[in-house]
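A.B. asks: The lines below spell out each chain.
2 protein chains.
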Amino acid sequence: MSVTAAKGFTAAGIAAGIKENGNPDLALVVNTGPRLAAAGVFTSNRVKAAPVLWSEQVLKGGLVSAVVLNSGGANACTGPQGFQDTHATAEKVAETLSLNAGEVAVASTGLIGVTLPMDKLLPGVEKAAGELSAHGGEKAAIAIKTTDSVHKTSVAARDGWTVGGMAKGAGMLAPGLATMLVVLTTDADVEAGLLDTALRDATRVTFDRVDSDGCMSTNDTVLLLASGASGVTPEHAEFADAVREVCADLGRQLIGDAEGASKDIKVEVVNAASEADAVEVGRSIARNNLLKCALHGEDPNWGRVLSAIGTTSAAFEPDRLNVAINGVWVCKNGSVGEDRDLVDMRYREIVVTADLAAGAETATIWTNDLTADYVHENSAYSS
Amino acid sequence: MSVTAAKGFTAAGIAAGIKENGNPDLALVVNTGPRLAAAGVFTSNRVKAAPVLWSEQVLKGGLVSAVVLNSGGANACTGPQGFQDTHATAEKVAETLSLNAGEVAVASTGLIGVTLPMDKLLPGVEKAAGELSAHGGEKAAIAIKTTDSVHKTSVAARDGWTVGGMAKGAGMLAPGLATMLVVLTTDADVEAGLLDTALRDATRVTFDRVDSDGCMSTNDTVLLLASGASGVTPEHAEFADAVREVCADLGRQLIGDAEGASKDIKVEVVNAASEADAVEVGRSIARNNLLKCALHGEDPNWGRVLSAIGTTSAAFEPDRLNVAINGVWVCKNGSVGEDRDLVDMRYREIVVTADLAAGAETATIWTNDLTADYVHENSAYSS
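Residue numbers (my numbering), protein chains in the order written: chain A, 1 to 383; chain B, 1001 to 1383.
Next comes chain A alone, as it looks inside the complex:
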């Protein structure tokens, strides 16, 4: 279903030969209207890939007719040549589909510092255009995979309108944007400004709170396109809720497929003085390598949770902190609590709850454990 679950969109996913192994590596998503509204959120990394620099400009107009995405190369840190290649890709899509290049967003993922094989990519655009279909969403989702073990799609169907989407990303998941590439589509009739509001509100509490390994990508891109093909203009709150639902579902899928991970860890911070405090503490816990190792070993090492909390500037008193792991309060009032042997950690999902006893705010950050497989996968990626 993916990006073609909503009416008014066609998509395709093909093998252009960018990846040496012959796997699908080029996706095209086209908004057939009647509306062509769009919003986008991009990596906050200051080293931005060429397609991010390009697409940020395109999105300023709030109008996107097509998105072209490639795996097999990030086109990041590729200098002026990289930007020219992104521009040429957009021009090729525009020429092939009789669009304006300024309405074509581009997204790339793969290795940093390598220029794209344009002799393969440009013919690939023509091939993909020839295969555009209202049932092409799955193939598009497959074509954007890199080290993902499965493709990720999600759909929220409402009364007469739909939000759907696809995502890729398995490593380099971190805040400021979690994901690599996400394209969401809807046939709701929503103008660009409200799309932008809904998208930012959703990413703030979903992709921005997925932090697999603390590393922020140069290419993170989340786009939301509206075709208006349903003819329905939902209440904003209802629409925003559907966007958030799809983002949360895709974010959860990303954590579940993170490189080398054996545990999905939900870090819940409760009773914080502010949401910002809760997020800061959640991130600090989620990024603590020693804790991530301990949870990998199914060791409910709450001391490492406390030492992570202690590095933050959040409001709390050390001797009022409480920590639960999978519901067992192993730390009470900053000291030994319930018997750690009561904690059952056999399952993939682990919940770490940090009670700051300082207010009423809460936030949840998702992360993964740190494993030997993570080390192996990432110690030989570019060689």
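Keep in mind that a hint or two might mislead.
Reference listing, derived: stretches of chain A covered by chain B, where coverage requires no fewer than 3 residues with Cβ under 8 angstroms from a Cβ of chain B [claimed, not checked]:
| no. | segment |
| --- | --- |
| 1 | 46-60 |
| 2 | 72-80 |
| 3 | 210-223 |
| 4 | 303-310 |
| 5 | 333-342 |
| 6 | 370-376 |
Heads up, incomplete: computed chain A residues facing chain B, CB under 7 angstroms, no partners named [claimed, not checked]:
| no. | residue |
| --- | --- |
| 7 | Pro234 |
| 8 | Asn288 |
| 9 | Gly297 |
Hint data in this document are derived by calculation from the structure and do not stem from the laboratory. Bear in mind the structure is a predicted one, so any value in this text is a computation, not a measurement. Yeah, the Cβ is synthetic: ideal placement off N, Cα and C, and Gly gets one too.
Position chain B against the provided structure of chain A, taking the given hints into account.
C.D. replies: Chain B in isolation, oriented as in the chain A frame:
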């Protein structure tokens, strides 16, 4: 030589039975004067172990007669009982050596969240006191080891006076203090205020810039004790230089013995607009798990260096960044530079140089690679 290299100090290291395996676990360092000046720097973690809370108070007076250190238990997150145990330890030292408990610093290292076996520790203090010797420095250094594979000592001998010291720490090395426990001694005749200045200036550019795994301890303690036994009062600059030399040497030894590491990584940031910028960028690079995996795999993956730089607020232009790995400028002007195959990464030490092209300031951060052994050692520590 360790803490007894300088005149006016005795030390001992014994097995008190705190560690179940019978290894040495209790050290005592005594300043026999004539001066009893001291300075200390402690973890900036807000969750502080009981001995840190105690010793911070002791050091406020600038006077320390003895330091008692134990391995086999951190006495952190142990509540009021933990503080009482630290207090009782200091009282026992004071009673045994006829000192004032308010002049006895206490340091502990080991697992968080477990109370100390005082029935073993207190008799251990008496035993250690009975073995105090002007040649006891090595034994003291051995007794503070936890997962350290070797004990760490260093000496800077000057004209008529000496600075010596010992350190332990293999995991949880991070800034805001890098190390677990360090005791430095000198027979130079220096008053407490100048000791404090020299110690803070030294730790700021040594232990504070050792960041093995980004995790900050609850117990980090660095003490500098002066006996005045040499009768020499050196120029402050000369004294500060000797303290810095010993701190730098011990810091380098800590990185060289970090848990599970196979590479020692020197991150040099050059041409930064400010020293703060250089430190921020250096830390960001040193904490990037993806880069640490790549360097473990001897993969000169400069894209991960750039993406780490991009997450900082330092002054730089992305298209002016340069990165060298072991002297080969693999990234020039934010894009592909010299051939990455020229980089020789066979040796344990790796130098990553990041040129921000934004000024004239510099900073060096030391870290380690991320390995499967690190994961293994830290996934079963407390179980």
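A.B. asks: Has the segment 333-342 of chain A got at least three residues whose CB is nearer than 8 angstroms to a CB belonging to chain B?
C.D. replies: holds (count 4)
A.B. asks: Quick check: do three or more residues in the segment 72-80 of chain A have a beta carbon closer than 8 angstroms to a beta carbon of chain B?
C.D. replies: holds (count 5)
A.B. asks: Please count how many residues of the segment 46-60 of chain A have a CB within 8 angstroms of a CB from chain B and say whether that reaches 3.
C.D. replies: holds (count 3)
A.B. asks: Close enough to count: is the Cβ of A/Pro234 nearer than 7 angstroms to one in chain B?
C.D. replies: violated (37 angstroms)
A.B. asks: Taking 7 angstroms as the limit, does the beta-carbon of A/Asn288 come near enough to a beta-carbon in chain B?
C.D. replies: holds (6 angstroms)
A.B. asks: Against chain B, does the segment 210-223 of chain A show at least 3 residues with beta-carbon separation below 8 angstroms?
C.D. replies: Coverage by chain B holds here, the residue count being 6 at a Cβ distance below 8 angstroms.
A.B. asks: For the segment 370-376 of chain A, do three or more residues have a beta carbon lying closer than 8 angstroms to a beta carbon of chain B?
C.D. replies: As far as the segment 370-376 of chain A goes, the hint holds, because 6 residues have Cβ atoms under 8 angstroms from chain B.
A.B. asks: Does the segment 303-310 of chain A contain three or more residues whose Cβ lies closer than 8 angstroms to a Cβ of chain B?
C.D. replies: holds (count 7)
A.B. asks: Does A/Gly297 pass the interface hint, meaning its C-beta sits closer than 7 angstroms to a C-beta of chain B?
C.D. replies: holds (3 angstroms)
In summary, the structure is inconsistent with hint 7 from the numbered list given earlier, while agreeing with all the others.
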